[in-house]
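Based on these hints, arrange chain B on the given structure of chain A.
Top line first, the protein sequences correspond to chains A and B. For the first sequence, the positions run 29 to 657 when my numbering is used. For the second sequence, the positions run 7 to 372 when my numbering is used.
The set of hints was computed from the structure by calculation and includes no laboratory data. Bear in mind the structure is a predicted one, so any value in this text is a computation, not a measurement. Treat the hints with care, as some may be off.
Stated by the list, open to error - Taking lysine to aspartate or glutamate pairs in the EDC-like style, the calculated list, with each CA pair at most 20 Å apart, reads:
id, chain 1, residue 1, chain 2, residue 2
1, B, K249, A, E83
2, A, K422, A, E471
3, A, K340, A, D426
4, A, K340, A, E289
5, B, K249, A, E77
6, A, K233, A, E448
7, B, K249, A, D73
8, A, K464, A, D426
9, A, K422, A, E457
Unchecked claim - To be clear about the criterion: a stretch of chain B counts as covered by chain A if any three or more of its residues have a C-beta under 8 Å from a C-beta of chain A, and this derived list gives those stretches:
id, stretch
10, 276 to 285
11, 293 to 304
Even for Gly, the Cβ is constructed at its ideal location relative to N, Cα and C.
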Amino acid sequence: MSPRGLQVLSREVPPELQVRMGVTAAVVLVAFGLLGIRLWYLQVDKGAEMRLMSEQNRIRLVRVPAARGVVYDRHGEILVDNRPSFDVVFVPEDARRDRNQVLSTLARYLGEEEPALRQDARAGSKRPPYQGIVLRRDLDWAGVVALETHQLDLPGISLQVGPRRFYPYGPLAAHLLGYVGEVSQRELEHAGDETPYRSGDLVGKAGLERAFDEELRGESGGEQVEVDALGRRMRVIDHVPDVAGHTLWLTLDRDLQDVAERALGDRDGAIAAIDPRNGEILVMVSKPAFDPNTFARGIRREEWRGLMQDPKHPLNNRATQGQYPPGSTFKVAVAAGIAEEKIGGPNPGVHCSGGIPFGNHFFRCWKPGGHGGVDLHWAVVESCDVFFYTYGQKLGVDGIAEYARRLGLGLPTGVALENEKTGLIPDSEWKQRRFKQPWFPGETLSVAIGQGYVTATPLQMANLAATLANGGTRYRPRYVKRIEAADGSVRAVPEPEVMGEARLGKATLDKVRGAMRDVVMSERGTGKKARVLGTDVAGKTGTAQVVKLGESRERSNKGALKTRDHAWFIAYAPVDEPEIAVAAIVEHAGGGGGAIAAPLVHDILAHYFDRTQGPSPLPPTQEAHVDAD
Amino acid sequence: MRIDRRLIAHFEWQLPILALAIVGLGTVCVYSASREPGMEGLPPLVMRQLTWLAAGCVGMLLAVTFDYRRVDRSAWGIYAVVLLMILAVPFVGRVAGGSRRWIGVGPVSIQPSELMKVGLALILAHIFGRTRAVGLTLWDTVIPLVVMAVPAAAVLAQPDLGTAALLGVLAVTMLALGGVRLRWLLLLGSPGILMAPILWERLKDYQQKRILTFLNPDLDPLGSGYHVIQSKIAVGSGMIWGKGFLQGTQNHLDFLPEQHTDFIFSVFAEEWGFVGACTLLGLYLMLLLRMVVIAARTRDRFGVLLTLAIGAIFFWQVTVNVGMTTGVLPVVGVPLPLFSYGGSSLFSLLIGIGLVMNVSMRRNLF
Numbered sequence: 029m030s031p032r033g034l035q036v037l038s039r040e041v042p043p044e045l046q047v048r049m050g051v052t053a054a055v056v057l058v059a060f061g062l063l064g065i066r067l068w069y070l071q072v073d074k075g076a077e078m079r080l081m082s083e084q085n086r087i088r089l090v091r092v093p094a095a096r097g098v099v100y101d102r103h104g105e106i107l108v109d110n111r112p113s114f115d116v117v118f119v120p121e122d123a124r125r126d127r128n129q130v131l132s133t134l135a136r137y138l139g140e141e142e143p144a145l146r147q148d149a150r151a152g153s154k155r156p157p158y159q160g161i162v163l164r165r166d167l168d169w170a171g172v173v174a175l176e177t178h179q180l181d182l183p184g185i186s187l188q189v190g191p192r193r194f195y196p197y198g199p200l201a202a203h204l205l206g207y208v209g210e211v212s213q214r215e216l217e218h219a220g221d222e223t224p225y226r227s228g229d230l231v232g233k234a235g236l237e238r239a240f241d242e243e244l245r246g247e248s249g250g251e252q253v254e255v256d257a258l259g260r261r262m263r264v265i266d267h268v269p270d271v272a273g274h275t276l277w278l279t280l281d282r283d284l285q286d287v288a289e290r291a292l293g294d295r296d297g298a299i300a301a302i303d304p305r306n307g308e309i310l311v312m313v314s315k316p317a318f319d320p321n322t323f324a325r326g327i328r329r330e331e332w333r334g335l336m337q338d339p340k341h342p343l344n345n346r347a348t349q350g351q352y353p354p355g356s357t358f359k360v361a362v363a364a365g366i367a368e369e370k371i372g373g374p375n376p377g378v379h380c381s382g383g384i385p386f387g388n389h390f391f392r393c394w395k396p397g398g399h400g401g402v403d404l405h406w407a408v409v410e411s412c413d414v415f416f417y418t419y420g421q422k423l424g425v426d427g428i429a430e431y432a433r434r435l436g437l438g439l440p441t442g443v444a445l446e447n448e449k450t451g452l453i454p455d456s457e458w459k460q461r462r463f464k465q466p467w468f469p470g471e472t473l474s475v476a477i478g479q480g481y482v483t484a485t486p487l488q489m490a491n492l493a494a495t496l497a498n499g500g501t502r503y504r505p506r507y508v509k510r511i512e513a514a515d516g517s518v519r520a521v522p523e524p525e526v527m528g529e530a531r532l533g534k535a536t537l538d539k540v541r542g543a544m545r546d547v548v549m550s551e552r553g554t555g556k557k558a559r560v561l562g563t564d565v566a567g568k569t570g571t572a573q574v575v576k577l578g579e580s581r582e583r584s585n586k587g588a589l590k591t592r593d594h595a596w597f598i599a600y601a602p603v604d605e606p607e608i609a610v611a612a613i614v615e616h617a618g619g620g621g622g623a624i625a626a627p628l629v630h631d632i633l634a635h636y637f638d639r640t641q642g643p644s645p646l647p648p649t650q651e652a653h654v655d656a657d
Numbered sequence: 007m008r009i010d011r012r013l014i015a016h017f018e019w020q021l022p023i024l025a026l027a028i029v030g031l032g033t034v035c036v037y038s039a040s041r042e043p044g045m046e047g048l049p050p051l052v053m054r055q056l057t058w059l060a061a062g063c064v065g066m067l068l069a070v071t072f073d074y075r076r077v078d079r080s081a082w083g084i085y086a087v088v089l090l091m092i093l094a095v096p097f098v099g100r101v102a103g104g105s106r107r108w109i110g111v112g113p114v115s116i117q118p119s120e121l122m123k124v125g126l127a128l129i130l131a132h133i134f135g136r137t138r139a140v141g142l143t144l145w146d147t148v149i150p151l152v153v154m155a156v157p158a159a160a161v162l163a164q165p166d167l168g169t170a171a172l173l174g175v176l177a178v179t180m181l182a183l184g185g186v187r188l189r190w191l192l193l194l195g196s197p198g199i200l201m202a203p204i205l206w207e208r209l210k211d212y213q214q215k216r217i218l219t220f221l222n223p224d225l226d227p228l229g230s231g232y233h234v235i236q237s238k239i240a241v242g243s244g245m246i247w248g249k250g251f252l253q254g255t256q257n258h259l260d261f262l263p264e265q266h267t268d269f270i271f272s273v274f275a276e277e278w279g280f281v282g283a284c285t286l287l288g289l290y291l292m293l294l295l296r297m298v299v300i301a302a303r304t305r306d307r308f309g310v311l312l313t314l315a316i317g318a319i320f321f322w323q324v325t326v327n328v329g330m331t332t333g334v335l336p337v338v339g340v341p342l343p344l345f346s347y348g349g350s351s352l353f354s355l356l357i358g359i360g361l362v363m364n365v366s367m368r369r370n371l372f
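Only chain B is shown next, with the shape it has when bound in the complex:
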C-alpha cells in the first residue's frame, strides 16, 4: 500500500474528532439509560457498544488507506453483498421486539438494514457520478429508485418502517442533488401520494397507530401517544442545565420507551438540559457543515456525491429522531446516528465517516 506524504499532510482531523465526540457522549448516555440500580461494573450494552466502537474505528481508518475511487468501481459489488444479507434476513434472521432484523454471525448480531444506509449512499453516488450533470429526466430516476426500492421493501417487511423510510428519503435527496429537475421530482411524488392508501394497508397495526397518533395524539393516549407525552416531559424537564448524569427520573423510572435506542435523545436532554442538547446538536451541525465544506472543495463528482449522501444520512436521522422525541414528527424508529445504542449502525456510520475523510484527503491528489 502506497501512503503518499501529501495524504498525511492533508489528514482529515475534524470529522473523526467530531464523530468520536458524539460517540463518546452517546456511550455515556447509553450507560445512563441501561444502568440498573445496584449494578456493578459496566452494563453489557455499554460493553458491546465499546466493542463495536473499536471495530468501527479500525474500519474507519481502513477506509482511509486506499483511493476512494476504488470504492466507486466496486460500488455494485458492495451493494449486492449488503442486499443479499437483507434478503437473507427472513430465512436466517433473529427476531427481537417483534421484528426480524438481525443476522447472527457467531456471537454478534448484524443488522443488514443499517449497513444498507451507507451501501445505498455509495451506489447512488456511483450512479449519479456517471449521469449527465444537469437536467436529468424521469428516465434517469428509474435505476436509482429501483436500487432503493428493493432493499426498502425488504426492510419494510421486517417490519422496520423507520429504516425503510430513511432509505426512501435518502434516494429522493440524491435525486435532487444528482440533478433531476424539480418538475420531475414533483411528478414522481404524485403517484406516491396515489399509492399511499395501498401502502397504508401494508403497514402493521402499530405502524398505522403511530402515524394516526402523531396526527392526533388523543387517539391513543395509552399507547404511542403516551410515549410522546412522556418523551416531551423528559426533554422539557431537563430545563437549562439538566438534572445531572444518572439523575433523569423519566429515564430511570422507565417512563421512556426504547431508552437506549430511539428515545436516547430524551434521556440525554433530560440529564444534560438545553445546554447539553444544544451542544450535541452543535456537534452534529459542525459535522454536517464540515461535510458540505469537504464536498465543496472536492473536484470529483463521485467524491462530492458520496460526501453529500453520507451527510444526508446524518441529517435525516438527526432531524427525524430529535423531531420525534420532541414531539414535532411522528414516532418512527430511527436511531440518533453515532449516539444511539446499536453496533451495526455505529460500525457502518464510522466507515461512512472514513470514506468522507478519504475523499477529503485525496481531493487535491488529482
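Pulled out of the complex, with its shape left as it was, chain A reads as follows:
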C-alpha cells in the first residue's frame, strides 16, 4: 500500500497517543469507581432491604390465558362458547418437602388414585419449580368445596378459574368444529421461538379450532402476583389484560345440521351441503362422531385410547377424509364427458339386455332384465350400467378422468380443514406410475360406473353437484362467513373463491341437469324419494360396491356388515335457481342409494325449503315432469 520507509516512520508512537492513553486509564478508573459505588449502594447501603426482598420474593408472573373466540352459526346460534371451570393447580416449590403428603391428601379429597395424581405432577418436572402444573381441569362442585375448605392442609395446591371451551350441542358438527387440547411438546418445538404458546396452553387440534386457531386464540395477558409462603395469592400487583379471541360467524346452519344428523341417525356415513352460488358449507356431518367437550375438559387416557382404537375411527372427518367409490353418482361426470365430446353422435343410445360381454367377462347391468333401449338421458335417470360401459369405453379412461377432474374429483376441494383427502381418479399414466402396468380396457368399464380404482370424498361429491348446479364454476367450500374482533368490529369477510371451471357447453349442462332432474322428478327415476313439496330437485343415486370389483354385479346386502354396499345420493335444488347442493353417503347401508340415501337428502331439502319459503300447499305435480321422455 504505502512505501516501506513511510510505513516504518508511521509506526512510531506519537506523543499524542501517550496522552490519549492517560485519558483512557482515567476513564477506566472513573467507570469502575462508579460501578463500585453502585455495588456499595445495592449491597451495603440497601443490602439488608434487598436481602429481605429476596427472602420474601414471591412475586410471580402468572399468565392469564385469553378466552378463545366464540363461534356462531349463520343465524347467530352459539356453536362454541366458553364457560368458567375450576382447575387444580399444583406449585411444587410451595409444597416444599411435603409434596408426597400434599398429593396423597389431595387424592383423598378428590376421591382419586394417588399414583395417577403423582404421575401428572411429575409430568411437569422440567418446568421451574415455582410454575404451576394443572393437575385436574374442570373440577366438579364437590371437589371445589373440598379444596376450598381444606386449603391449609394443601400447601402448593390452589384453584384457578379459567375459561373452558364449551360445545353446547355436544357432538353436533363435531368434525367441523374440531376440538382443543394442551399444546404438545412437539408442537412447541416445531413452532420455534416465535410461538405465542407456552406449555399448558390450549390449542386447536382439529377442525375449525385448528384451522382458525390464530383468529380464535386471542392474546394472553399476565399478572404480577404476590403469593404467600403457601403459594396462595395475596394480591395482584400489576396486570396486563388479555385480549379475547375473534368471533367466527359460520356459514353452517345449526338447524339444518341437526336435521341431517338426525336423518343419518346412528348409521355411519357423511353428509355435506353447499350453497352452489358461493361454496358456503351449510351442513357437514360425519358419523360416528365424538363429543368435543371431552377434549375441552382434558381427555382421560382411557377415553383417548378408546377413540384411537375404535375400528370406526370416530375422529376422522368422513366428509373430507372418507374416500369412497362414488358408484353410480360418478355417472354424471361420465355423462358430461360423453355429451361434451359427442361420443356416439348427438344422441347416443344402446339396447340394454342386462349386461354386455367384454373380453372374458360378462359385465352386468344392475337391472337383471335390462333397460331395453336407452339414450343418455334415460341412462342417467335409470342408472343403466350398459350405456356407461359402452360409451365410457369409447370416451376412454383418460377422457373420463379429464371430466371428473373438471368437476373437482381427484383434487383437493381446498376446504380449510386438516388432512383433506383427494380421492382418486385413475388414468393410464397413474396406472403406469403406480403399478408399472398399462391400462387394461376392461378396467375402463368399472371406472365408467364409478367403481374400480375411483374414489371420492362426500365433500367432493357435494361440490360436484354444486358445480353442475351453478353452470360449471367450482368454488372453494368454506364455512366462515365473517370474522369479528371481540369488540364487534369486523376483521374479515371471506369472499367466494373460484378453484376452477368445468368448461361444459350449454348443451351438455342441459342434458346432464335435465337427466338429474328426472332422476328425482320422473316416475322412472331412481331417486324419487328425494322429492320435496313445491320444489324441483335434481339428483343422482349411487350404490357403491365395497368388496369386489369386476363382473359380478350381484348386490351384497345380506352378508357381513363390512361387505355391504354404500348408499350414495347427490342432489341440488331448486332445479332452476339452485341454492343448495347435497351429497350423502350411508356406509354399508344394506340398500341402494335411492332407497337409503335419497330419503336423507329429502329430509334436509324439506327442512331447508320449509325454512326459506314456508311449506307449500301444492301437491307434487308429477305429470308435469314426465314430459322429458
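Relative to the frame of chain A, chain B by itself:
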C-alpha cells in the same frame, strides 16, 4: 520457529494469570447457575466451558509464538474470514432463543459475532496504525466505519443488539484513540442521532421494549422490567459477604433470566456479596490497567492500538454488563468477558489476551 531467549525473559505473566483467575471464578459461577438440584457430576454447560477453556489456552499460547506484526500484515485476511462466517450465518446458522447466531462445525457451535469483536479490534488497529497520527478528519473515518458497519448490520439482523452495539462502540473508541478530532467525532454523532428513528423501526419488538423499559421500568413490569428488578434484588441481597456458594435463592429459584450468560454477574454478586463482586471488578481493573501499561511501554503504533482495542472490548463489556445487572444501564445482551458461559467468546478473548501478551513480550525487540 525461532524462540528468542529475550522472549522467555520477558514473558508476560500478569495478563494470563489475571485472565485465568477471572475464567476460574466464572466457571465456578456457571456451575452454580446451571446446576440442577439432585444432579450428579458436572453440568454439561461446565464441561463445555472447560473444553473451550482448554482450546482457548492453546490458542492464547499459540498467539504468543510468532511476531505479532505478522498479524498486522494478515489483518484484512483474518477480518475477511470472520466476516464471511457472519454473512454465512443466515444461510447455515443454528437458531436458539429467537436468534440465529451460531454456525455448527461438527459437534461444536461457533458464534462468529463473538470472533468479530477481536477481528474488528485487529483490523481497526491495522488501519489506524497506518494513518497520520494526529488531526484525522472526516475522510479518515470512512473505512473504519464501513469495516465496522458491515458486520454490525449483519449481527443486528440476527438479531443481536448487544454485540452490534459493542462493535459500534469499539469503532468509536478506536476513532478517538486513533486521533480523529473531537469536532469530527461530534459531527459524526449528529447523523447518528438523526438516524435514530429509522434504526428504532428496525429493532425487534423485544429490543424496543428493553430500551423503553430502561427509560421507564413501569412500562413493562411483567417483562424485562421484572428481570431488572429481580437482578437488582439478587445483587443487593448478597450484602457484604454473599449468601455463599450455591446458596443464591434468586439464582436457584429461577428468578433470574439468562443466569449463565448475560445475568451471571447477578448470580455471582448474590452468592459472593460486595466483597466478591469488588474482587471480580478488581481483577478486571488490574487486567485493564495492565493493558494500558503494556500499551504505554510499546513503541510500535500497531502494537499500542491493538492492545488498547482489546482492552476496549473488555472495558465496554464489563461496564455495560455490570451496569445492566445493577440497573443503571439498559438490558442489552452483552456477556461478562471471560466470565459468562459462551465458548466462542471465551476462545476469542483468550486469543486477544495472547496477542496483547505477544505485544508486551516483543516491545523491546525492535
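Quick rundown of the hints versus the structure:
{"no.": "1", "hint": "B:K249 <-> A:E83", "result": "holds (11 Å)"}
{"no.": "2", "hint": "A:K422 <-> A:E471", "result": "holds (13 Å)"}
{"no.": "3", "hint": "A:K340 <-> A:D426", "result": "violated (34 Å)"}
{"no.": "4", "hint": "A:K340 <-> A:E289", "result": "holds (17 Å)"}
{"no.": "5", "hint": "B:K249 <-> A:E77", "result": "holds (14 Å)"}
{"no.": "6", "hint": "A:K233 <-> A:E448", "result": "holds (15 Å)"}
{"no.": "7", "hint": "B:K249 <-> A:D73", "result": "holds (17 Å)"}
{"no.": "8", "hint": "A:K464 <-> A:D426", "result": "holds (17 Å)"}
{"no.": "9", "hint": "A:K422 <-> A:E457", "result": "holds (18 Å)"}
{"no.": "10", "hint": "276 to 285", "result": "holds (count 5)"}
{"no.": "11", "hint": "293 to 304", "result": "holds (count 6)"}
Checked against the numbered hints given earlier, the structure breaks only hint 3 and satisfies all the rest.
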